[in-house]
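*Asks:* Letter by letter, the chains look like this.
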Amino acid sequence: MRTRRPEPHTLAGAYALDALTGADRARFERHLARCEQCAADISGLREATARLAAAAATEPPPGLTERALAAAARTRQLPPHTFARPPRWSARHAAAPGGAGPAGVLRRTWIRRLAPALVGAAVILAGALGWPPAALRTRSSRISPAAARSPPC
Amino acid sequence: MRPDDTRLTPQSGPDGGEAELPALLLQVARGDGEAFEAVCRRIAAPVFGTVRAVVRDPRQSEEVAQEVLIEVWQQASRFDRGRGSAMAWVTTIAHRRAVDRVRSENRSAERELRAAVFAVAYDQVAEEAEANLDRERVRRCLRSLTRLQREAVTLAYYGGYTHRQVAGLLGLAPGTVSTRMRDGLIRLRDCLGVQRED
Numbered sequence: 001m002r003t004r005r006p007e008p009h010t011l012a013g014a015y016a017l018d019a020l021t022g023a024d025r026a027r028f029e030r031h032l033a034r035c036e037q038c039a040a041d042i043s044g045l046r047e048a049t050a051r052l053a054a055a056a057a058t059e060p061p062p063g064l065t066e067r068a069l070a071a072a073a074r075t076r077q078l079p080p081h082t083f084a085r086p087p088r089w090s091a092r093h094a095a096a097p098g099g100a101g102p103a104g105v106l107r108r109t110w111i112r113r114l115a116p117a118l119v120g121a122a123v124i125l126a127g128a129l130g131w132p133p134a135a136l137r138t139r140s141s142r143i144s145p146a147a148a149r150s151p152p153c
Numbered sequence: 001m002r003p004d005d006t007r008l009t010p011q012s013g014p015d016g017g018e019a020e021l022p023a024l025l026l027q028v029a030r031g032d033g034e035a036f037e038a039v040c041r042r043i044a045a046p047v048f049g050t051v052r053a054v055v056r057d058p059r060q061s062e063e064v065a066q067e068v069l070i071e072v073w074q075q076a077s078r079f080d081r082g083r084g085s086a087m088a089w090v091t092t093i094a095h096r097r098a099v100d101r102v103r104s105e106n107r108s109a110e111r112e113l114r115a116a117v118f119a120v121a122y123d124q125v126a127e128e129a130e131a132n133l134d135r136e137r138v139r140r141c142l143r144s145l146t147r148l149q150r151e152a153v154t155l156a157y158y159g160g161y162t163h164r165q166v167a168g169l170l171g172l173a174p175g176t177v178s179t180r181m182r183d184g185l186i187r188l189r190d191c192l193g194v195q196r197e198d
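If you read the sequences in order, they're chains C and F.
Quick note on numbering: the first sequence equals residues 1 to 153 in our numbering.
Quick note on numbering: the second sequence equals residues 1 to 198 in our numbering.
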């Protein structure tokens, strides 16, 4: 049933219920990365879903904890996220509690991964557009070969 | 860090010690196996109950619940108490893993899920769950929602359905369903008094 797309803001409940998938989820996470209020909303709604979870509490099968302990003993733990400055409050918290796809982290990773490519593209584009201008290039090479080799500032 | 004065021991009683979970997770993040055991004893029942509500099959539920506990061990350093309660952090991991499991398995069995739709209504989940304070409060608060809000929330949470699947099941537009989910959860949150204080 594809109808008019709802405002991203109205998807907060569905997101907190893990009821968004694929493009719906990606779209909401993009919105979330820019919307601090949404992130705060999600946080509050997750406290409500935690109570839904608590209400379903059921005695686990015997040995579950013991097996988890044994598995943990041979499982390496992940290091904390480290940020040069405090992360934007929003998406990292709201998206996922741990590594399962925090949008903020993904966003940063995405930017970091793309950064070299962007720089490369900029250099190629600059070359294509003739920067530095040919006149400048020839002049500097005439002045001194060393100067021509040194990176432009 | 001085492990001697920060080591915490499990409290008696199933609901005791939620206040200590964040401190325990901090210990777990440093590789403290005893703290992890204490955490497991506190979270195993809500984790298993949530996973089973969604996954249904007992054997698979146990597998997924164990994966959740291991994920808590692995990710403990990434829990940030300033951004939500420890239990919300844990149960979000549990629910997400549970829906991931059913969605990867049930792509072709969606019709079958459709037939089983109201089997996952809250009453059944509640019947299977242990009697506890949360269960009674949640039951009472769910009753304060409109019928559509309640169905939208419980089908998504306990049924593990996407908002588009819920829309199909209820014969409504997805936009209507997402609005019901949001309004329903807000009402539930307010009724349960779990609004964050910051």
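Keep in mind that the hints were calculated from the coordinates and are not lab data.
Glycine included, C-beta positions come from ideal geometry on N, C-alpha and C.
Warning: the hint list may mix true and false statements.
Far from chain F, by Cβ distances over 10 Å, these chain C residues were calculated [claimed, not checked]:
#, residue
1, Asp-18
2, Arg-30
3, His-31
4, Arg-34
5, Cys-35
6, Ala-55
7, Ala-71
8, His-81
Where chain C lies over chain F, by a calculated footprint (3+ residues, C-beta under 8 Å) [unchecked claim]:
#, stretch
9, 130 to 137
10, 174 to 180
*Asks:* With reference to the structure, classify each hint as holding or not holding.
*Replies:* Structure-based check of each hint:
{"no.": "1", "hint": "Asp-18", "result": "5 Å, violated"}
{"no.": "2", "hint": "Arg-30", "result": "16 Å, holds"}
{"no.": "3", "hint": "His-31", "result": "13 Å, holds"}
{"no.": "4", "hint": "Arg-34", "result": "18 Å, holds"}
{"no.": "5", "hint": "Cys-35", "result": "14 Å, holds"}
{"no.": "6", "hint": "Ala-55", "result": "4 Å, violated"}
{"no.": "7", "hint": "Ala-71", "result": "5 Å, violated"}
{"no.": "8", "hint": "His-81", "result": "6 Å, violated"}
{"no.": "9", "hint": "130 to 137", "result": "holds (count 5)"}
{"no.": "10", "hint": "174 to 180", "result": "holds (count 6)"}
Hint compliance for this structure: hints 1, 6, 7, 8 are broken, all remaining hints hold.
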